[in-house]
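Undergrad: The listed protein sequences correspond, in order, to chains A and B.
Counting from 1, position 41 in the first sequence corresponds to residue 72 in this note's numbering; the numbering is continuous, with no gaps.
Counting from 1, position 285 in the second sequence corresponds to residue 478 in this note's numbering; the numbering is continuous, with no gaps.
Be aware that one or more of the hints could be misleading.
Claimed, not checked - Partner residues are not named here, just some residues of chain A that face chain B (Cβ under 8 Å, in silico):
hint : residue
1    : G63
2    : E65
3    : Y67
4    : L93
5    : Q95
6    : D102
7    : L110
8    : A117
9    : N121
10   : G128
11   : G129
Hint data in this document are derived by calculation from the structure and do not stem from the laboratory.
In this text, a Cβ means the ideal position worked out from N, Cα and C, and glycines have one as well.
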Amino acid sequence: MRRRRFGPSILMLCALLVAPLQTTTSYAAVIGTEQYLGALERERALERIDAVLAREAVRERLTQLGVDPADALERAAALSDAELVALAENLEELPAGGDLLGVLGVMFVVLLVLELLGVTNVFNKI
Amino acid sequence: MQALAAFRDARLSRALTLALAVAALAAAGCAGTPRFDGTSLPAVELDDVPFFPQTEYQCGPAALATILAHEGLPVDADALAPAVYIEGLRGSLQAELLAATRRHGLVPYRLRPDPDALFTEVGSGKPVLVLQNLGLDRFPVWHYAVVVGFDPTRGDVLLRSGTERRRREPLRRFLRSWARADHWAFVAAPPDEPPVTADAAGWIRAITDAARVLPPSSVDAALDAATSRWPAEPIVLYASAVRAGEAGRWQDAARAYAVLLESDPGNAAARNNLANMLAEGGCFGEALAQARAALAAVRVESPLRPAIEDTVDTLERRAYVGAAEPDYCAAFP
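Please build the complete structure, drawing on both the sequences and the hints.
TA: What follows is the structure, given as structure tokens:
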């Protein structure tokens with residue numbers, strides 16, 4: 032499931048209005064380091080607008096997952112463009128390091144056997 | 194009820210069979226990975242790395258607090274939870290640990306995904322935050338911990354992990370759990386101290402990703418550190434030139450691009466930016482020549498092409514053949 036819930040279009044309008052102000056030179060066609068690195072790394076060149084929309088999507092998703100709205104805003108602001116786009120696309124599928132209390136039932140037995148066989152080391156931490 | 198119990202037994206025995214099969218496969222999979230036996234590793238233990246025992250699901254904030262406090266920041270796990278914990282996922286995302294590190298004024302540097310880099314960092318005095326998958330590829334159990342040492346006499350990795358201040362994990366077990374998390378690891382570096390295992394491109398990437406959040410003086414310090422450590426690296430020259438341009442120092446920027454282009458004349462992005470800097474100084478004739486050369490050098494499918502076309506278009510409207518230009522323009526070929 033790919034999520035693409037890029038906020039309301041008023042945001043896009045704001046982004047378009049703000050975008051030209053972000054370059055400090057009067058010539059807007061300087062290729063910044065982030066864009067240059069992106070091209071070197073053969074990523075899709077991220078449009079500024081994609082990152083702005085992704086930031087909004089991530090902020091909204093964090094809030095839905097129980098993060099305080101003010102915190103979510105600051106947290107989304109500290110992510111890089113590439114990180115934002117990755118999170119906007121599949122936040123739920125990424126590893127979320129937590130603990131093993133969510134492991135239940137059959138999984139418990141499977142892990143216990145593997146543990147005894149020395150393949151995993153979940154239970155060492157208890 | 195008996196039928197249900199029998200059904201449960203059947204499921205259980207199927208699960209056990211599956212578990213054994215998976216174990217066999219996993220063992221086979223491990224045999225193919227390159228061996229890192231740690232025999233060459235020296236003993237190291239960063240005893241002064243603080244410890245924050247995790248509460249439920251909160252290994253992310255705890256591990257992050259560990260490495261940030263080691264850098265002298267007044268943080269603890271509770272204070273960091275609002276910055277990285279997600280109740281709905283009962284955990285913390287990797288990208289958010291990096292982002293929170295930036296918000297505390299440090300540069301998160303992702304390590305090369307190999308044990309050498311990890312233990313070299315620890316040997317240099319840096320605790321390393323790692324992601325481990327304590328379960329299986331199909332049934333992951335994600336966990337963040339901080340590597341603080343290695344004990345060669347017993348072959349154990351030493352970690353701040355969960356509720357254990359000094360957890361020992363046999364090297365091979367640790368490496369397997371780390372490999373199942375794609376060898377994900379990072380250190381928190383002060384802006385003026387690139388980590389010992391850092392390379393120029395990785396450090397510039399790390400600074401660039403942090404630039405929106407760090408104070409401008411920190412970004413400058415990080416770039417200066419890059420320049421003194423990798424003075425001739427093209428990516429360092431490029432990033433420094435962009436920074437000079439952003440600060441309005443177009444002549445410094447233009448000179449840096451010119452140096453870069455001497456060794457790498459086909460660098461269309463640098464040539465495009467040089468054109469923009471020259472235009473900034475009113476040297477439209479040379480700017481247009483550089484912009485056209487950049488367009489000729491860039492591949493048709495390059496994602497950078499639109500910006501270069503933009504430069505050419507803008508300059509074609511501004512440049513007049515034979516128009517008077519400032520004298521200093523002669524200094525920029």
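Undergrad: Starting from the hint list further up, note which numbers the structure goes against and sort them upward.
TA: 9
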